[in-house]
Structure formats: structure tokens, C-alpha cells
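Enquirer: All chains, full assembly: derive it from the sequences and hints.
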Amino acid sequence: MIALPLGILWFGAVLLGVLDGTRRKNAMLSITILLLAFGATIALGFDIRQHGPREFVLGGWEQGVGIALRVDTLGIIFAVLSQAVLLAALIFETARGISARVFPAMVLFMGVGLTGVFFTGDAFNFYVFFEIAMIAAYVLSSYGETPRQLRSAFIFTVVNLLGSVLFLISIAALYHTTGRLDMVGIKAQVPLVDENPLILIATLMFVAFGVKLGLFPFHFWLPAVYTGIRASVAAIFSGALTNIGTYGLLRFGGDLLPRELEQGGAVLIVLGSISIVYGGVQSISRRTPNEVLAYSSIGQVGYIMIALAIGGELGITAAIIYAVINSLNKTLLFLSVSMQGWLVGAAFAVGAFSVAGVPPFAGFLGKLVMFQAGMAADRPWAVILLVFLGGALSFLYMFQLYRRRFWIPEEQREASAMLPQAVVVVMGLGLLLVGVYPQPLIDLAGEASHTITRQAAP
Amino acid sequence: MILLLSLTVAVMFGAGAYLLLKYDLLRMVIGMVLISNAANLFIMAAGLQRGDAPIYPLTDDTVSDPLVQAMTLTAIVISFSITALVLSMAYRVYTSHASVDIREISQAEEVQAETDDQVGLPDPHALGKISREEEDVPDDQDMIVEGERREVRR
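Residue numbers (the working numbering), protein chains in the order written: chain A, 1 to 458; chain B, 1001 to 1154.
Do not rely on the hints blindly, as some may be mistaken.
[To be verified] Cβ-Cβ distance ranges computed for the label pairs, FRET-style: (1) B/Tyr-1018 x A/Ala-422: 49 to 55 Å; (2) B/Ala-1084 x A/Ala-422: 28 to 34 Å; (3) A/Thr-32 x B/Val-1077: 27 to 33 Å.
[Claimed, not checked] Far from chain A, by Cβ distances over 10 Å, these chain B residues were calculated: (4) Leu-1005; (5) Phe-1042; (6) Gly-1047; (7) Pro-1057; (8) Asp-1061; (9) Thr-1062; (10) Val-1086.
[What the hints assert, rightly or not] What the simulated footprint calls covered on chain A by chain B, stretch by stretch (three residues with Cβ under 8 Å from a Cβ of chain B suffice, anywhere in the stretch; the number is not a length): (11) 54-65; (12) 162-168; (13) 254-268.
It is worth saying that the hints were derived from the structure and are not from the lab.
By construction, the Cβ of each residue, glycine as well, lies at the ideal position given by its N, Cα and C atoms.
Expert: Following this line, the structure appears as C-alpha cells:
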């Protein structure tokens, strides 16, 4: 049951690897496979809501010996989210015409890597799936193959490789300190071992995931890459790939090393605040749409960091909800900003309102949970001030961008094809739906956060 | 032994980081190779115990930790395939820019950024240009840079 979504994706990815993805027939096949896996993941999600976390040991080994797949609510939330983003980007690109034969296969491989990362119960396996997703991302970043995209791809690959190596080193160090590789075992061992090496390990992990997320001091690659790549790839990166960073911080910080997360709280708050202000101010000063959105991503990550630093059940719930909504926002914005027409304009406006945190759009919920978590922090006024400031900045740059892109005289406007527009409109409606009826998301995130924090208590 | 290993890892990582800061794409790739191999050595050094080779039938002496060896093997395979990928990427950058020097490549990026800014200006002419060539604006501008590059080659 657990292995089913992974198996479908993996089989499909290998199959499409040998097929020509530029043909419409094969692209439709890849969409079908992704839909099947998506359905299986959702079915698994319902199962877990009823029966609690599930574990499955690969290769028929005993429990505790073999490598385990372990799924809890947190993993399911991120798996469903990432697959939805991949699905949207794949349908969008198919509708616009795929220009490279490996594109559908790479999207599916990315799906394998991401789903694996969210489903694994083993720290080293986390690294392996993480690399599968990253390799697919390296290939996708050069999609289009113009000189500019190649430059972006090279920067992206080198910087992220460095991040991956740091993560690998921290995994090896974690193994040496705790003597375990399975996450349950690590969690049981962590309170018993010496604190000092763990602080070093937690720092390394934070840097590795910070590089993936594009958090403030590690963000230099992000705008350079996002301005070059195609809209669908940018949507995949900001909507699906950054989830690795958020999930990694939640899993390794919130779940496995809660004490270290608490100790590093001050650093997280400072870096998160700088990210919000820096991302917002830079976005206002930029002109090209992708650059504005890239800096906006840097800003949005800051909120997740602050929510993580506040910690506790409330803070982690806020981080999860904010990450989910931010992913959906960014996917919608990156896809819609590359097109024209009044429908797309409307969808972009939904995304823009959502980033700014205006009700009834989903972003309002994100800001709301940030306020709630902020009230629990040591200095509530600072957090609330920051959320307000960030919201105001994002309102400004989003509507600057909206004016430049969509307020164009009627005669100079040529609407894009209908089908890609439809994808964006559906996503916009989805954001509206989450904003109007947020209870399922709040429940799920609360449950995920409860599972993590409850286990953390001795 | 641990001191020797950690010194080796440190020197390899340092050399890799130094190469990564060079202007040459190939040197950067080699720097990446060094860094990822430093990480592999680090995993080997993270083993919990030292001893005989962990091959069945086991002797009475302690065996070395087999887990780190398996991990290193996996990491080697991954870093090897990524090296191949990065090399091919470096080659593609070379064929499209006729250079492996980062400075020349970033110059092309600056030219690009200037054209971007001009396109982004909110005057009516530029707007007309946007809506006509809207579908893939970056690609059109890449064609300009591509054209310049061809001239350089000639």
C-alpha cells in the first residue's frame, strides 16, 4: 500500500525515459501515470487518517533491520502537495507543447524523488531520494536549452550539489553520533547523546536545507536561476522542489532534533526576518516578472523560518500551513505570469491577493496562523509587526507586477491558448476554495504537528 | 588514524572549495568531484568500529562497520553520475558560449539583464513589443545573445 504511489511513479518514469516525450500521446501517458500515483497517495492519506502512521520494511527484512518506508500525516501532506504541483506543471507544459523528449520522464523522476523523501523512514534513504529529485531538477533546469537556461542550469547544479554534499556529511555525522540510521531510532537516541556534536550536525543540516530553500544568506543562486528557466520549470522548483527544504527542516528539526531547533531559534528568527524584508524590498526594485517572483520566494521562506523558530505545536502547524499555501501561490503565479488574457489576469490577481494575505484567498489563512503563532512567541509585537510589514511589501510588488503584465491596452493584447489558461484558472479556484473552506487543511496540519511534537516529549 | 583521515578530508574539501572559486568551468567541476569524494571519505571515517572485512563467515575478531561501506558505495555511485551530468552541462555551456571562462559567461548574463530591463520599461513601445513577442520573452532575447556569440565565433 505504501509502496504503491512510489512504484507507479518509478515504473512510469523508467518507461517514459525510453519514449519520446515530445509526442502528445506519450505526454498524455505521463499525465495518466501521475494521476494514478496522485490517486494512490490520496487513498493512502485516507488510510493513515484512520489507522495512524504506517510502516513498511523493504525486501522482507525484520523490522529494525531492513530499510523502512514510514508515512505519517506530515509526509502525506507534502506528497499530495508536490504531486499536485507537478501535475499542474506537466498538464500546463503539455498543453503548450513540450520541446524536449526527456521532460515528462524527468517530471516523473522528480515525483519519485519527492514522494520517496516524504515517505522514507531512514535518514540515508532520505539522502538517496533527495538526490533522485535533485538530479531530475538539474536536468529540468536546462529545459529549453538556450544559452541563458544553460547558464542557469550550471549555477543551479553547482550550488545545490554543494548543499547536497553538506547534507550527506551531516547524515554520516548523525550516524556516527547516534549509531542509528532509522529515524525512529535516531529520535530515541538523540536525548541520550552528547549535545555538542548534535549542534554542529543540526547547523550543517540547516545550511543544506537553507540552500535548497533560498533562505537569506544562501539565496544568491535563486534569482539568477529563476529568471532564466521556463515558466513550468520555475513552477515546479518553487512549488515542489522547495518542499524538500521545508519538509527536511520540519522532519530533522521539528521531529528528530527538537532541542537543537529550540537552541537555534534566535538564529532562525533573525535570518527569517532579514529574508522577509530583503526579499520584499528587492522584489519591489525588480522589473522582470520571474525576478520579482524569485525574490518574493526568498521573502516567503522567511515566514516559514519564523514559524519554525516559534516552535511548539502551534508554530509547526503554522509552518506547515504556510508552506502548503506558499507552494500553491508560487506555482499559480509562475505559470500565469508567462501568459496573457483576462482569465489569466484574474488567476494572477487571485495569486497576488493570496501572497499579500487578503481574505477570502488562501494566503489570508497563512497570515492568520502566523499571527496565532506569533501571539505565543516571546515578543508577539515583533512577529506581528514583521508579518504586517512583509504583507504590505508583498502587496506592493505583486500589484506593481500585475499592472506591468496585465494592464495593457486592449489592442495589444493577444490571449494565450485556452488549455494552459484553464490549468491556471483551476489552480486559482483551488486557492479560493482553500481560503473559503480551510478546515481540512487546518485539521491535517494540526494532526501532523501533533504527531511530531507528541513524540518529541519523552 | 582518525586524525589522518580528518586531515585528508579537510585538505580535499579545502582544495575542492578553492577550485570551485576559479573562473574555469572545468576546474569548478573538478572541485565538485574533490568535495564529493571528501564527503565519501568522511562517511568511511564515521564508521562505528574497525576490524576485519565484514564478509561471511565472520571471524571471532571484531569486524569493521559494514553500514558505512554500503553508504559510501551508494554515495560514490551518485556522485559519479552527477559528475557525468555536470561535465555534459559544462560542455553544453561551452558550445553555446564558445568559452569556459565564468567572466565571459557572466558578461553575457549582464547583456541579458540590460535587455530585460529595457523590455521591462513601462513605455508604450516596449509594451507593444511585450505583447507581440509575449509567449517566451526570455527566449527571444537569448536569440540576440546567441547572434552576438556567433559573430564572436566568426
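Enquirer: The output says B/Phe-1042 does not contact chain A. Does that hold with a beta carbon cutoff of 10 Å?
Expert: violated (5 Å)
Enquirer: Report holds if the minimum CB distance from B/Pro-1057 to chain A is greater than 10 Å, and violated otherwise.
Expert: Its Cβ never comes within 10 Å of chain A, the nearest being 19 Å, so this holds.
Enquirer: At 10 Å, judged by beta carbons, does B/Asp-1061 keep clear of chain A as stated?
Expert: Holds: least Cβ distance 20 Å, greater than 10 Å.
Enquirer: Holds or violated: the region 162-168 of chain A covered by chain B, criterion of 3 or more residues with Cβ-Cβ distance under 8 Å?
Expert: That given contact holds, which follows from 3 residues of the region 162-168 of chain A lying within Cβ reach (below 8 Å) of chain B.
Enquirer: Is it the case that B/Thr-1062 keeps its Cβ farther than 10 Å from each residue Cβ in chain A?
Expert: holds (15 Å)
Enquirer: So B/Val-1086 supposedly isn't at the interface. Is its beta-carbon more than 10 Å from every beta-carbon in chain A?
Expert: violated (6 Å)
Enquirer: Go check the region 54-65 of chain A versus chain B for me, would you? Three or more residues, Cβ under 8 Å, otherwise it fails.
Expert: violated (count 0)
Enquirer: Cut-off 8 Å, C-beta pairs, minimum 3 residues; does the coverage of the region 254-268 of chain A by chain B stand?
Expert: The restraint on the region 254-268 of chain A is violated, since only 0 of its residues have a Cβ under 8 Å from chain B and three are required.
Enquirer: Beyond 10 Å from every Cβ of chain A: is that where the Cβ of B/Gly-1047 lies?
Expert: violated (8 Å)
Enquirer: So does A/Thr-32 sit 27 to 33 Å from B/Val-1077, Cβ to Cβ?
Expert: holds (31 Å)
Enquirer: A cut-off of 10 Å on Cβ-Cβ distance, and B/Leu-1005 was said to be off the interface with chain A. Does that hold?
Expert: holds (12 Å)
Enquirer: Hint says 28 to 34 Å; check whether the CB-CB distance for B/Ala-1084 and A/Ala-422 agrees.
Expert: Given range 28 to 34 Å: violated, Cβ gap about 39 Å.
Checked against the numbered hints listed earlier, the structure breaks hints 2, 5, 6, 10, 11, 13; every other hint is satisfied.
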